[in-house]
Structure formats: C-alpha cells, structure tokens
Amino acid sequence: MDFEMERFMTALLDRSPPHALEHLQLVLIPVVIAFLIAFTAAMLLTRERYVKYTDRVMTIFNIGQTIPPLAVIAVFFPFLGLGREPALFALTIYALLPIARNTLAGLKGVPGDVKEAARGMGMTEWEMLFKVEIPLSMPVVMAGIKISVVLTSGTAALGALVGGGGMGAVIFAGIDFFRAELIIAGTIIIGVIAITLDRLLTVIDNILTPQHMKV
Amino acid sequence: MIVLDKVDKVFPGSTIPAVKQVSFQIDEGNICVFVGPSGCGKTTILRMINRLVEPTGGEIYIKGKKVSDKEVNPDELRREIGYVIQQIGLMPHRTVEQNVALVPRLLKWPEEKINPRVKELLETVGLDAEEVLKKYPYQLSGGMMQRVGVARALAADPPIMLMDEPFGAVDPIVRGRLQDEFLRLQKELKKTICFVTHDINEAIKMGDHIVIMNKGALVQHGTPMEILSNPANDFVKDLIGTEREIKLLELTKSEELVTRTRDMPERIIEKDCFILAIDPVQRALETMMKKNSDVVGVRDGTEIIGTISWEDIKRHINMISGDD
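As they're listed, the protein sequences go chains G and U.
Using numbering that gives the first Met the number 0, read the first sequence as starting at 0 and increasing by one per residue.
Using numbering that gives the first Met the number 0, read the second sequence as starting at 0 and increasing by one per residue.
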C-alpha cells in the first residue's frame, strides 16, 4: 500500500466529516442509553431489598461485554435487520458493563458512617440517595462513563459492517480498496472523537466534584 | 421523658438476643450513660430509640408517646432527635456550614434563619465560625470534627440527643476537654441525653444516671455514686476497676466531708494548704501529698469554713465503699 499526502488530506477533510458525525451518534446514543439502564440498575441493586439480585444482574452485564458486538448483531438480525438500529443496540449492550460496575462500586463505596449519620439525622431514602450517595459516588461513576465512551468510540467502527455508518465506513473502504490514507484518516478521527469526549467528561467531572474528592 | 419497657431485640439470623427485657427510664434534662463491653447491646438500645433498629419486643416511649406507633414517621422522628456517632459521619463533599445546616434544611427552615443559627452553634461548640464555615471536613482536626458533629446534632435544637461514643476517636487530652465543655454546655441546654461509652470513667464523669449492660441485659442502673458505692455484682466491680475509692473521691464534694471550724492549725496557713468547698475530695488528697500535710483547709470563696483531715477521708471511704 502506498501513501499520498493529497489523497490523505481529501480523505481526512472531505470524506470523513459526515461519517464523523454519524460516528459521534454511534457513541453518544448507546452510552446515554447504557448510562440510564446501568445507573438505574446499580441504584436499585444497592437498595436493601434488591441487593440479593446483584450477582445475577451483574452476570448478565458481564456477558453483554464478552459477546462481540458483531455476534449480537448476528443474533438479533432476524428481529432488527441491518442498518443503524442494530448497530446502536449492540453498542448499547457493550457499553453497559463499565458504567454498571463503576456505579455499583461507587455507591457501595460511600462510607458507612456517613450513611449512618445521614439516616440518623432523618434523611429519607431518596434524600440519602440524591444528597449523599450519588454525589459521593460521582467520581467513580464518571470514571466508568469515560471508560465506556472510549471503548465504544473504538468499537463503533464495526457499525459500518452492518450498514450503521460511522468512521468504520471510511476505514473499511480503505481496507477494501487498499487505501492506507482512508484507514489512517478514519483511525485518527476516531482517536480525536475518543479523546475529545474523554476531556469533555473530565471538565464536567471537575465542575461536579469538589477538588479534594477526586479519584 | 424516655421510657423503655421490656425491650427485646433479636437480629435476624441470630438466636441470641442482642437486647433482652431491658426496662428503665430517663428523666428530662438528664444525661444517661450506657456502659458495658462491646456487644453488650448498648448501641442497639440507642439505635432503637430513634428507630434505626426496630425492637422485636417491648415498647419505647418518648414523652409518653410510643415511637413504634403507626403515625410516627421514622424519618421525622429522627429529625427531632440529635444524633452523634464516634466516626462522626460528616459529609465529606459538603462544607462545615452545609453539614451543620443539614437538619434545618431537611426541616425546610427559611435560609435567613439558618445562617445565624449555624454561626451561633459553631461558636457554642468552641469553633471560630468565620474560620471554619467554608472549610471541608478533611481540613479539620479530629477534635474540630467532633465539635462540628455535636453542632450538627444540636442544629435544630432537638430536646433529645443520642450520642454513641461521641468523644471516642480523639486523644485523651482533647477528649477530656470536649467532655468538660460538653458538660458546661449541657448546664445551659438541659437536653435529655443518651450517651454510650465503653469507658466507665467517662460514664462516671458524664452521667447523671448510669445503665450498666452485659450480654444484652441490664445489670445495674443508678447514679454514679450509687453504682460506685454499691456495685451489684462482680461484673460491675470488674468494670469499675481497681480505683473505685479514688473514683468515689472524685465524685464527692469537699463540703460534704468538711469538719466545720474557724480554728485553723498554724501549719495550714503557713503552707497555704487550701482547697475550695466545691472541689472534689480527691483534690484534698492531692493537696495533702503536694504540701506534705495530713490536713487541708477548706474555703468557700474567700471565707474559711473548716478542715478535712486524712482520717476524715479514710473514714468516708470505709463508710461509702461498704466492704471491710
């Protein structure tokens, strides 16, 4: 494979941008959905009456991450067909585990004496959750979201294989036509997306968490 | 004020009761100290009063009202009861101001009432309000954290305070100071206080009333004087330890032992061998040793009221301690 600077610039600046936007969606939509599911699950699993289901639910999330997204698409192909939806679905399943695991760890890691004092002073279960448990577990939860975002940014390239679009379309075109410029341009943009989202989340984290509470 | 009537607690999965058939009463404005070894059920009793633990038998009444009543919301009950624990449990992500204002905010006090209250409380517990208001707990020393913990429990001015080894996590010097300050505070506040400790000396110092527990059962209860002078059994004797007589002398005011006389032996005046009538008798002993004298003079303010001699103290110990 040879490399031409001009072709590379065209690939990077003309061909990639629309796909980059698709790619961003392939990352953000699954992560947001996964966050909602994982956060709710972890929150319930740390309530006294649901603790006993923790192992079972976490096993399901674990399996979700061990199955390759492509296999998920293959399994659900009869129901979802090809295109954007099955790609989003598979990526959501893939994104679940890091968020669920970190949220669970974060909520469990809230010091017992703080919870004891909070209850003893008459906080309701909801007040405990929103004023004590969630704020105190936020740094760990954010770390989970960051892992999930970076992971999904890479994996989302596979979305193109089932017609889901994204930067994968550029990379796979490069593989099919032996064009290194396309492969490199696609990879660079995925990297930029992953790093930008990670930085953005760090900024949000800094606003949400007091300086001394950082992990 | 607080009445326990045959209270039982068996924790799920356990056959041995953590608390069994405990009945007693705490009068309004008193400090009642629960003391006993770990696992004796003292903390469980405390946590049953504010329903962090539900009894499996018996009833608890606060001001004549059953706390287990269906109409009592446990969260609202707890907002009316101050709670201090050994580990303090300050919110690490909240400033001192936000920590102290916690219960008033739960009770939806107007903000303009909360701010002065927080400042007043911090000053009350001996902290410089302006200095600490905006600090986070990790920026405070252990003693300061304990003070913030007490301020937070006092914030909504609850008539009842539950304190579980509140001064247990600080060094003995700071602990002594916190105890003294708290006793001084209590003279003004007159809260009804349940205080848990494993330290009999702290119990004797802090308690108007002491409840001694062992293996979930109440062993003996009474004033510190009653317990020191008349321990119910060997367990109580062991708990009190070897310095029972000294502890008794700490509790006895000099004026109780004084032999009233205006006639001062010359050597007392020469050596300036005086104590105050409100000093504990132990002070008389210390003074005797320091000044190498077998008698001290007792003053009430500036007025000389009499003497205490070594013989007086010996006779007193023999009388109150009962044995031989």
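I should point out that these hints are in silico values taken from the structure, not numbers from a laboratory.
No experiment lies behind these values; they were computed from the predicted model shown.
A virtual CB, placed ideally from N, CA and C, is assigned to each residue, including glycine.
A hint or two may mislead.
[Stated by the list, open to error] Quick list of simulated restraints, FRET-style, between CB atoms:
no. : chain 1 : residue 1 : chain 2 : residue 2 : range
1   : G       : L35       : U       : K134      : 53 to 61 Å
2   : U       : K62       : G       : D54       : 44 to 52 Å
3   : G       : D54       : U       : Q20       : 35 to 43 Å
4   : U       : K133      : G       : I187      : 43 to 51 Å
5   : U       : K62       : G       : I203      : 45 to 53 Å
6   : U       : K289      : G       : M212      : 47 to 55 Å
7   : G       : I194      : U       : D179      : 57 to 65 Å
8   : G       : A70       : U       : N72       : 31 to 39 Å
9   : G       : I62       : U       : V2        : 51 to 59 Å
10  : U       : E180      : G       : I194      : 14 to 22 Å
11  : U       : Q20       : G       : K114      : 27 to 35 Å
12  : G       : K114      : U       : T14       : 23 to 31 Å
13  : U       : K133      : G       : I62       : 45 to 53 Å
14  : G       : R55       : U       : G175      : 37 to 45 Å
Hints, verified against the model:
Taking the beta carbon of each, L35(G) and K134(U) are about 36 Å apart, not inside 53 to 61 Å as hinted. Roughly 46 Å separates the CB atoms of K62(U) and D54(G), a value that falls within the hinted 44 to 52 Å. Between D54(G) and Q20(U) the C-beta distance comes to about 40 Å, which sits within the given range of 35 to 43 Å. Roughly 46 Å separates the CB atoms of K133(U) and I187(G), a value that falls within the hinted 43 to 51 Å.
Between K62(U) and I203(G) the beta carbon distance is about 49 Å. The supplied range of 45 to 53 Å therefore holds. For the pair K289(U) and M212(G), the beta carbons lie near 53 Å from each other, so the given range of 47 to 55 Å is met. The hint said 57 to 65 Å for the Cβ distance between I194(G) and D179(U), and at roughly 59 Å that hint holds. Taking 31 to 39 Å as the suggested C-beta distance range, the pair A70(G) and N72(U) does not conform, at roughly 51 Å.
With their beta carbons about 56 Å apart, I62(G) and V2(U) fall inside the hinted range of 51 to 59 Å. Between E180(U) and I194(G) the C-beta distance comes to about 55 Å, which lies outside the given range of 14 to 22 Å. Judged by the Cβ atoms, the range 27 to 35 Å given for Q20(U) and K114(G) holds: they are separated by roughly 31 Å. At about 28 Å, the beta-carbon gap between K114(G) and T14(U) stays in the expected band of 23 to 31 Å.
For K133(U) and I62(G), the hinted distance range of 45 to 53 Å is satisfied, since their beta carbons lie about 48 Å from each other. Under the hint 37 to 45 Å, the C-beta atoms of R55(G) and G175(U), about 53 Å apart, miss the expected range.
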